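Number of protein chains: 2
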Amino acid sequence: MVIVGGGFGGLRAAKALRDAPVQITLVDRRNHHLFQPLLYQVATAALSPADIAQPIRSVLRGQANVEVILGDVTAIDPVARHIVVDDGQIPYDFLILAAGASHAYFGHDEWGPLAPGLKTLEEAVAIRRRILTSFEEAERQRDPTRRKALMTFVVIGGGPTGVEMAGAIAEIARFSLARDFRHIDTRDATVILVEAGERLLSAFPERLSRRALADLKRLGVEVRFGLPVTAIAPGQVSVGDEVIAANTIVWAAGVQASPLGQSLGVPLDRAGLVLINRDLSVPGHSEIFVIGDMASLHDSRGRPLPGVAQVAMQQGAWAAANVMRAIAGRGARPFRYRDLGNMATIGRNSAVADLRGLRLTGFLAWLAWAVVHMLSLIGFRNRMLVGLQWLWSYLTFGRGARLITGASPN
Amino acid sequence: MVIVGGGFGGLRAAKALRDAPVQITLVDRRNHHLFQPLLYQVATAALSPADIAQPIRSVLRGQANVEVILGDVTAIDPVARHIVVDDGQIPYDFLILAAGASHAYFGHDEWGPLAPGLKTLEEAVAIRRRILTSFEEAERQRDPTRRKALMTFVVIGGGPTGVEMAGAIAEIARFSLARDFRHIDTRDATVILVEAGERLLSAFPERLSRRALADLKRLGVEVRFGLPVTAIAPGQVSVGDEVIAANTIVWAAGVQASPLGQSLGVPLDRAGLVLINRDLSVPGHSEIFVIGDMASLHDSRGRPLPGVAQVAMQQGAWAAANVMRAIAGRGARPFRYRDLGNMATIGRNSAVADLRGLRLTGFLAWLAWAVVHMLSLIGFRNRMLVGLQWLWSYLTFGRGARLITGASPN
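So the sequences go chain by chain: A and B. So the mapping is simple: this note's numbering equals the position in the first sequence, first residue as 1, plus 3. So the mapping is simple: this note's numbering equals the position in the second sequence, first residue as 1, plus 3.
Derived from the structure by calculation, the hints contain no laboratory data. Small disclaimer: the values here were computed from a predicted structure and weren't measured. There's no promise every hint is true.
Here are the in silico distance ranges between beta carbons for each label pair [as the list claims (entries may be wrong)]:
1) A:R304 / B:G238: 55 to 61 Å
2) B:R145 / A:L391: 39 to 45 Å
3) B:G91 / A:D272: 36 to 42 Å
4) A:G257 / B:V375: 50 to 56 Å
5) B:W393 / A:L278: 46 to 52 Å
6) A:D75 / B:H186: 50 to 56 Å
7) B:K220 / A:F366: 43 to 49 Å
8) B:A206 / A:L391: 35 to 41 Å
9) B:G238 / A:A217: 46 to 52 Å
10) A:L343 / B:L361: 56 to 62 Å
11) A:H111 / B:R149: 42 to 48 Å
12) A:S205 / B:R149: 35 to 41 Å
13) B:W393 / A:A217: 41 to 47 Å
We put the beta carbon where it would ideally sit given N, CA and C, even for glycine.
Construct all of the structure, not just a fragment, from the sequences and the given hints.
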């Protein structure tokens with residue numbers, strides 16, 4: 004059988020099939036599993052790329068029934084039952100499709116280079132470069148208008164990624180860089196978070212949204228509600244009628260599913276998500292399961308399941324179980340999501356957590372967030388490195404990966 | 004006064020002028036100081052870029068008489084006494100030029116993209132990508148000839164960098180990756196080290212060269228002596244009459260000084276190094292000092308000083324002292340190099356060290372190498388991270404930064 008994608012869903016599915024009588028080929032176009040919840044920390048110079056990534060084949064090294072292939076899956080043929088990779092076809096009897104999602108610019112793909120999103124390590128390093136270069140250029144800039152634009156950072160989207168990015172940029176400016184420049188005061192930087200809806204973290208209870216807002220304001224972040232982004236041009240973004248001059252614009256507003264879903268020939272929703280059956284299979288193809296950010300499914304109260312690691316992992320294990328049931332000649336069981344809760348961090352000693360009714364804020368939520376994320380990392384090495392760097396940053400207010408690398412200065 | 008370059012020489016000069024009555028502008032085109040002796044460990048997936056780099060402005064944060072500028076110095080005008088950066092000129096009364104060196108392909112600049120060298124973090128990450136991608140492609144390659152080329156790695160140059168690269172690649176193949184692939188045995192990889200001279204590590208005593216050769220052979224590295232590289236084409240390198248098919252070719256054979264030396268209008272040697280006076284100043288310009296990899300100077304026995312960190316750092320301190328003497332109205336003193344010794348590591352438990360007569364090999368040399376390099380890193384954070392990752396690698400035989408990142412798959 005074939006698994007497409009070595010993210011949270013695909014990897015969990017492969018592991019759940021460890022003792023199953025199947026030969027698994029896992030295909031990913033990257034050699035590494037990425038711990039996306041901490042990607043914003045790479046973008047804000049707190050961690051190095053390798054600290055939150057792990058080679059997929061090394062994670063599955065000990066599992067004899069898995070073969071890992073580095074390859075780009077370009078299409079799926081559900082009739083002939085094979086996937087198409089760059090240099091050939093791979094047949095399958097069962098297929099678990101977990102290819103994830105990328106950014107959606109709501110029909111404005113030209114905004115992509117101007118307002119990069121945060122899905123890959125390359126994007127995270129590019130955003131890090133943009134943030135750090137802006138301060139470097141501001142240090143040399145004599146024109147106050149231009150200097151103000153260099154020191155203005157706009158984050159679009161008030162979900163967890165947007166909140167975490169805005170908080171982290173504000174902390175860089177307020178603490179990490181504060182003593183390093185001679186001509187600018189980095190604490191004068193303007194960080195603006197733009198949310199088209201009425202509140203931040205809409206998946207959280209309202210009280211936690213308000214707290215997140217208060218914590219961001221305490222860090223000096225300006226938050227704009229209720230207005231959509233109407234235009235993005237080099238160095239400026241339009242929010243409603245307001246034009247904000249900003250050298251750094253980060254997109255955290257929307258995702259669209261991997262285009263692979265299209266080749267299945269089944270109904271998709273507006274964002275390209277595959278409308279799957281309750282047992283995670285695809286209508287008309289009980290041998291194909293679609294999971295994670297590619298799949299559209301609603302919970303018992305009719306709300307769509309969020310695009311988070313928890314959903315992908317539980318669906319991965321569930322799809323694996325349904326594969327095993329099919330092999331044993333039994334029927335598939337409908338997926339049930341067990342919501343373990345939501346967390347988002349705003350900054351130092353500041354987070355919000357909604358854990359099955361237990362609502363935490365401030366230091367306690369931040370501690371819970373740190374412990375949960377550190378333990379969720381794969382591998383002792385990454386846990387150790389992340390833990391130590393967090394400890395170091397906590398004690399020194401520093402950010403250890405302040406590298407400007409890459410071809411272009413911007 | 005102005006210092007060009009935040010490497011070992013420039014940084015040491017700036018620090019030595021901490022209490023001097025001067026206002027220093029340090030210009031570098033990178034925002035970070037790079038600990039180049041460990042760059043090969045980034046190229047071979049043992050360390051992350053940020054582990055061996057430190058923001059220059061954060062290193063000099065506490066020194067009030069220094070201003071750090073991120074900028075590309077394009078020329079020097081020794082008559083008008085200013086340097087030219089991308090967006091203007093910076094005047095100086097004293098100038099310390101420490102802009103380093105890049106690769107020399109001996110008139111074959113077209114070899115550059117085919118056989119990348121190891122001077123910047125970007126180059127190290129590109130070589131890492133090439134090495135790891137070669138194994139990934141070999142895993143999927145059915146043609147045995149092509150597969151053999153994918154698993155052949157040629158390192159050109161038998162100095163410390165070449166020896167360290169060849170040893171590290173052999174260790175990756177023999178240990179780190181050995182259990183991760185299903186269709187190839189990574190231990191079948193061929194690692195070839197090409198040295199045009201008659202022995203490795205020509206700056207070391209002959210006995211240590213022989214030991215390094217024996218240690219490399221024990222790791223399975225093939226070493227070719229006495230023949231120059233005559234041609235490099237995509238996927239192949241010609242050594243004498245032999246044509247070696249190799250997907251990965253690494254250049255560690257020669258350097259040329261920064262082209263900035265040319266704008267001084269003084270004599271240069273063949274590799275573009277500035278022929279400086281014994282007091283490190285430039286003929287005819289007692290206010291300009293050139294140090295480190297840009298400078299050509301011979302020791303008391305007539306041998307050229309090597310392009311190593313020790314020389315650059317001692318010259319940085321010396322140039323700073325001569326600046327202070329000039330300000331005090333005293334004459335400059337001729338530089339005296341204090342050779343603290345040479346070290347090169349071959350692999351696990353294996354290195355050679357020549358420390359002022361004390362010659363070490365094997366485990367002891369390796370331990371000395373590790374301790375000296377860890378302590379030489381700037382900053383507690385980097386020391387801690389490098390030390391822990393080495394400990395982890397030592398215990399597990401693993402390499403923690405096995406990331407394939409970047410735009411192109413090769």
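Looking at the structure, which of the earlier hints fail to hold?
Of the numbered hints, 3, 6, 7, 9 and 12 do not hold.
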